[in-house]
Amino acid sequence: MSGDIRLRQVRDYLWEIPREGAMRVPGRVYASESMIAQVRGEGGLDQVRNVAHLPGIVGYSLAMPDIHWGYGFPIGGVAATDPADGGVISPGGVGYDINCGVRALTTRLELAAVRERLDPMVQALFRHIPTGVGSSGAIDRVGDAELDRVMVEGARWAIKRGYGTDDDALHTEEQGRLPGADPGAVGARARERGREQLGTLGSGNHFAEIDVIEEIFHPQAAEEFGLRPGGIAVQIHTGSRGFGHQVCDDYLRVMGRAVRRHGIDLPDRQLACAPVESEEGRSYLGAMACAANYAWANRQTIMALVERALLEALQIPRRELGLRLLYDVCHNIAKLETHAVEGRERRLCVHRKGATRAYPPSGTDSPWRSGQPVLVPGDMGSESYICLGRPEALRQTFGSTCHGAGRVMSRREAVRRFGGRDLTAHLRARGILVRAKEKGTLAEEMSEAYKDVSQVVEVMHQAGISLKVARLRPLAVIKG
Amino acid sequence: MERAGFEAIDHTADVGLKVWAADLEELFLQAARGLASLLTDPEGVTRDREVDVGVSGADPEELLVAWLEEVLYLFEARGLLLVDFERPRITGPTAEAKGGVKGGVEGDAEYRLTCRARGTAWNRGRHPLRSALKAATYHGLRLAPDAKGRYQTTIVFDT
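Just so you know, the sequences run in chain order A and B. Residue numbers for the first sequence, in my numbering: 181 to 660. Residue numbers for the second sequence, in my numbering: 10 to 168.
Cβ-Cβ distance ranges computed for the label pairs, FRET-style:
id : chain 1 : residue 1 : chain 2 : residue 2 : range
1  : B       : E34       : A       : G443      : 29 to 35 Å
2  : B       : P137      : A       : R610      : 21 to 27 Å
3  : B       : R56       : A       : G410      : 53 to 59 Å
No lab work stands behind these hints: they were computed from the structure. Here a beta-carbon is modelled for each residue, glycine too, at the ideal position from N, C-alpha and C.
Isolated chain A, as found in the complex (with noise of 0.2 Å):
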């Protein structure tokens, strides 16, 4: 655990685990004096401790405020290597999940309006957009050349075959799609588990959700992003499903033999890792990145089922309900990224595991003027946000920042406490309607398994990293 960990504080919102053994660079945790404390007694910081240990990594091993005991990396960890000075790749900074993400629609609709048709709508969701262990079958099942091409084009596949516009390919992160994607790399079994799972939400924390927008603290950026008290917006969390974690579990096996011939010492066999130019480190980001497109292109389907489901159970034109992308980001992910290291611009191979890009409106690929959309979704029946990418991230964590509420309570835990009760019943008290496949898991997703998603946001916020834009709601959730 944690407790013996040296920490001394270097300002208000951030933590310095001091260089010491074999760190290779100090760790840095953003978090306020209160979730410091919490952090302490979980092994959230023993892995920022062995995240330094990496070859040619750069500056610090980082965390976010939304930091949890992870394996290999943290959850909230970022961290940055320069390939050029012999930096890794590491398929455990990147998660089995690759490019797990958000995706935030806004609507024309209101509150008012829709109140009396929550439950259609939720129920429309629940059919249109298959969810749970193994879910498929929400588009025909694609052939082999067919899912080469998913892999390659990411989001823009999708659009190809009909589900969104152009204009949704502009506001996603890298437009959608990663370049370098090798199917080649790819192998038989992720390509099997890939065939039939496009459009599916899955299992875990994985949802859609239909919001209202609670509260805005950044009138400009929330006018520009069409964010208004009441309106109504929908968000879609989920990743590459078993196609990803198939990339991850044959990498993990690759790397395991990469770690011996490259001689490299590690803490935990879980950061298994090559350098980003070996062998092993190209085809991993080559297999890699074609999880990251099959992700854009499987929350590119799913955008397309929402619209699908929203107008059959409100029986309105398409133009009525005005359903836009306002962005979509990933949180999984490792990329090669251009950042200023000590005044001088390197090519650094970042990795984002469980943490989000927040670029500033200077040198993004987001059309908005404001900056890059941040999207930080809560848990299963609390508030979301929407913040801002400010220059201070680049300044300071490579361009990243939190990426949702982070778990204090295990789930066992939570459903040692919630199991028994009926939750459905329990958040629908709280106005909160849910269809849940895999009803056993629910109680692992209780809000009170979470920490505060509004503190997490804050530190950020006053660390001046991502400002707060809006505050969401939620109204109606589908989940696995």
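We have chain A already, so just place chain B on it with the hints.
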């Protein structure tokens, strides 16, 4: 404590499984049983399907992850819920065990496991899910016998 067994343990983000046994093969058996009980209640699951599972790995840790990943794959991708496992057979590094790693990725596998397992086609209504486990990780995973040749380890699952 019994000679061999398993126990679910708390892990903030994910799910952990502590497993102990008198030898390596028994450990792999307990790990699979533990995994099945994390997924659902194995009581009352019929055993009308039988499969022979075979996996390989460069060392015992990789073999254990491959073994549990195989059980999860059969569940998630094929809808096959395995709950009843015979004692697996594990062979150590031999010349003929090299090559043939799953997933189309080349490797130099040296340990092999074969196991006959039974279960049934997963039915959401009849076998409610306890935990939506997605992957077995290498986090903190170490497989080394103690002075008496016994094994104990903890496996963290991604959810």
